[in-house]
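Start from the sequences, fold in the hints, and give me the full structure.
Letter by letter, the chains look like this.
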Amino acid sequence: MFNCKKVTQLVSESFDRKLSFYQRLGMRIHLMMCKFCSRYQEQLLFLRKTARLFSESSEAPDLSIQLSSEVGKRIKESMVRFLEKHE
Amino acid sequence: MNKQQSTSNDPNETPENWVDLYGDYLYRYALYRVYEATVAEDLVQETFLAALGSFKNFQYRSSIKTWLTGILKHKIIDHFRKKAKEQQIDHITPDINNLDDLFTKNGHWKIKPANWNADPQKLYDQKEFIDILHRCLAELPGRQASAFILREIVGENTKEICKILGISATNSWVLLHRARMYLRQCLEINWFTNSDDRE
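Residue numbers (our numbering), protein chains in the order written: chain P, 1 to 87; chain F, 1 to 199.
None of these hints come from the bench; they were simulated from the model.
Warning: the hint list may mix true and false statements.
[Stated by the list, open to error] Each pair of labels, with its calculated beta carbon distance range:
hint, chain 1, residue 1, chain 2, residue 2, range
1, P, R24, F, A169, 15 to 23 Å
2, P, R74, F, D78, 18 to 26 Å
3, F, I189, P, E84, 51 to 59 Å
4, P, E84, F, K163, 23 to 31 Å
[Said to hold, decoys possible] Below are the DMTMM-like pairs computed for lysine to aspartate or glutamate, each with C-alpha atoms no more than 25 Å apart in a straight line:
hint, chain 1, residue 1, chain 2, residue 2
5, F, K75, F, E156
6, F, K75, P, E42
7, P, K5, F, E188
8, P, K49, F, D119
9, P, K76, F, E86
[To be verified] Simulated coverage check for chain P against chain F, where a stretch passes if three residues somewhere in it have a Cβ under 8 Å from a Cβ of chain F:
hint, region
10, 4 to 15
11, 21 to 32
12, 41 to 54
Beta carbons: idealized from backbone N, C-alpha and C, even for Gly.
Written as structure tokens, this is what we have:
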């Protein structure tokens, strides 16, 4: 029988690769009986779904984060220098 | 919001206006993946310069915004690649999340996970939650953070992550497992048991 430490490792790996038949079976049996490891699995799913929101939505949630005008100016200047060099 | 919806036919969309039109958007995109303001600023600058260099080949098959985002994404992956090389030389990363500390000798949970019962979409709209999530991510040791962000936010598979970070498959699974374990713990302590009694 797998213990919680082993099962949490398998739960995480199941997010990244296909487990062997024996690993899947052992993990599922443990999860049926263990509320806490089931919660762990749900929490990893939560992390994945939240991360997907970051990668899929076209905007970050906090629009107040902006380039400072100073950095914006610096970038514009570097672009002007780039064009002068390449034209 | 007009500037986000501008199409490639917009006469204002010349390279001179890129920074004003897309600078903030690209900066947020970078910041939510590298978590260091100065690094994000540099990546945005590199993106605009690379875009200038290849603008003459731009075919307008996608919007300028999508095209710039694609360039930035490559820059971000390059950043993780370079960082991984530096970390190989300097491998004295403090071990803040030793898995052995979380379980008893028999492999049972020392502190039992709580029932979060949370809706990602609802929390995503809450600034306080996003701030805590970012603080937790920022605390992860370098390679764990790189592996997690590449896997879950950039969306690479572990094979690609191994190439980018120069590590074995087994190593990548261990890093991801530890990162996830730390993040769930960090969120549980700082949000799910603090905001109200969700247990």
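In ascending order, which of the hints set out earlier in this document are inconsistent with the structure? Going through the list in order, the structure violates hints 4, 6, 9 and 11 and respects the others.
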